[in-house]
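Trainee: Chain by chain, the residues:
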Amino acid sequence: MSNINGKVYAMNVITPMKPWKTGLLRILFFALWHIKPMQKDLINLSFIEFARWVIVPRRSFPFLAQGQVPEDLQYDYLLFFSNFNGTWNQYIDAFSSVLSRGLNLIWRWSEKFPGSVPITPFKEYIAQVQFDTDYYYTAYPYAAANDLKAAHIVQSSLDQLAAQAQTSTPQQFAEAYLQFVVRVQTHLGNTGEAPVVS
Amino acid sequence: MPNQNGKVYGLTILSPIIDDEQVTPSHDLQIRNYLAQLPIDEQSPFALAPGTHLARLVVMDDVIYVGMPACEEHLKSKYLIFESNCDGDLTSYLTGLAATIPEHLNAIWIHCVGYPGTTNLQAFLNYMKSCQIDTTFFFAAVNDKSVPETLRALQTQHAVADFIANHQGTDPTLLQSDFIQLLADLKSMPLQKAGAMAPDRDLKTGGRNE
Numbered sequence: 001m002s003n004i005n006g007k008v009y010a011m012n013v014i015t016p017m018k019p020w021k022t023g024l025l026r027i028l029f030f031a032l033w034h035i036k037p038m039q040k041d042l043i044n045l046s047f048i049e050f051a052r053w054v055i056v057p058r059r060s061f062p063f064l065a066q067g068q069v070p071e072d073l074q075y076d077y078l079l080f081f082s083n084f085n086g087t088w089n090q091y092i093d094a095f096s097s098v099l100s101r102g103l104n105l106i107w108r109w110s111e112k113f114p115g116s117v118p119i120t121p122f123k124e125y126i127a128q129v130q131f132d133t134d135y136y137y138t139a140y141p142y143a144a145a146n147d148l149k150a151a152h153i154v155q156s157s158l159d160q161l162a163a164q165a166q167t168s169t170p171q172q173f174a175e176a177y178l179q180f181v182v183r184v185q186t187h188l189g190n191t192g193e194a195p196v197v198s
Numbered sequence: 001m002p003n004q005n006g007k008v009y010g011l012t013i014l015s016p017i018i019d020d021e022q023v024t025p026s027h028d029l030q031i032r033n034y035l036a037q038l039p040i041d042e043q044s045p046f047a048l049a050p051g052t053h054l055a056r057l058v059v060m061d062d063v064i065y066v067g068m069p070a071c072e073e074h075l076k077s078k079y080l081i082f083e084s085n086c087d088g089d090l091t092s093y094l095t096g097l098a099a100t101i102p103e104h105l106n107a108i109w110i111h112c113v114g115y116p117g118t119t120n121l122q123a124f125l126n127y128m129k130s131c132q133i134d135t136t137f138f139f140a141a142v143n144d145k146s147v148p149e150t151l152r153a154l155q156t157q158h159a160v161a162d163f164i165a166n167h168q169g170t171d172p173t174l175l176q177s178d179f180i181q182l183l184a185d186l187k188s189m190p191l192q193k194a195g196a197m198a199p200d201r202d203l204k205t206g207g208r209n210e
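Quick mapping for you: the protein sequence lines, in order, are chains A and B.
For what it's worth, the numbering used here labels the leading residue of the first sequence as 1, then goes sequentially.
For what it's worth, the numbering used here labels the leading residue of the second sequence as 1, then goes sequentially.
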């Protein structure tokens, strides 16, 4: 299953959009990019490592001559690539229940998008417009997005404690160490093989 | 706009695949066959080359028809999609790929229209950039750490968890000296290889939830 590597799932989705709607979607993405509170729900979906939307205008498919036939399309296309932890069903369910308003704003410009609620037509639509990954690589297949965030918290906390370790008395160090343990104790979850899911 | 999010670059490349009905198997199938036997672990080309967090290669056969009343249309070419979440700026990243894994790049992209190979670096960079599509919106859960920094942090997390578990109630003097030793061990420890599966830790857990 090349859509999956370790704890990450690669999703590819392509949907057609009428060209006049593309400008509206670009404005929406511009706002989403610059107004950080609008990204709150996306950030709170803490099982997404990386995700991107790419608008490909109908006349912007790479054309390199040398016998290539130029594209002749009526629609612009919206590509969506996501790298998430968990199963396809968990991901779509969470998207639908947590991000439904945001998703509707993004995909409502795509042809025949049924809305992200109710869930059944939404899943049918995603299944229809998804295509599979041929090769998928991750530098850390044993870690989920939350593991990455946790590991960086542990690292920075350790660096702070390390600065005190050489200069403090054992008693001072023991107190600082206790504070360190309190700070990192919720960020020590185990990494490793992903659980088998069906 | 946002190909870059913090320190992470979101690269999207669409390379048209050669359409030659005289060739058997077809170029797209040859790409798929090659990708199917490419390792995805620490032997992956993207593990050997620097700077890739996650990457995928996908043969896109066609656009998808979503049904009436939408118009049905088709692509004239199939496209190889290269989607990468990588460190640094684009030129450095592509240069690193060309320098480290030219044989893989050439074996894959030789099936794409106009691919010049990696021997002429400038031609290679120009080709890749001419196939790039700007990312419209790019989200990264962690956008301020490089691949080595992340691998180091995961290694540290692992070691710290073991250290804490093994030093409960330890005398302060011993605790401090062992901690200094832990720092030295971490510093001298070789970095976990990118793409490799980390060893499982034997968690000593207990309680009602087990």
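Misleading hints may appear alongside valid ones.
[Stated by the list, open to error] Mimicking DSS-like on lysine-lysine, the simulated pairs with C-alpha atoms at most 30 Å apart in a straight line are:
#1 A:K18 <-> A:K123
#2 A:K149 <-> A:K18
#3 A:K21 <-> B:K129
#4 A:K21 <-> B:K193
#5 B:K76 <-> A:K123
#6 A:K18 <-> B:K129
These are computed hints drawn from the structure, not numbers from a lab.
Trainee: Next, verify each hint and record whether it holds.
Mentor: To see whether the hints hold, each was checked on the structure:
1. Between K18 (chain A) and K123 (chain A) the alpha-carbon distance is near 22 Å, which keeps this suggested pair within the 30 Å criterion.
2. For the hint pairing K149 (chain A) with K18 (chain A), the CA-to-CA distance comes to about 39 Å; that exceeds 30 Å, so the pair is violated.
3. With a C-alpha separation of about 27 Å, the suggested pairing of K21 (chain A) with K129 (chain B) holds against the 30 Å cut-off.
4. A distance of roughly 45 Å separates the Cα atoms of K21 (chain A) and K193 (chain B); the hinted pair therefore is violated under the 30 Å criterion.
5. For the hint linking K76 (chain B) to K123 (chain A), the alpha-carbon distance of about 29 Å falls within 30 Å, and the restraint holds.
6. Among the hinted pairs, K18 (chain A) with K129 (chain B) is consistent with the structure: their alpha-carbon atoms are about 27 Å apart, no more than 30 Å.
Checked against the numbered hints given earlier, the structure breaks hints 2, 4 and satisfies all the rest.
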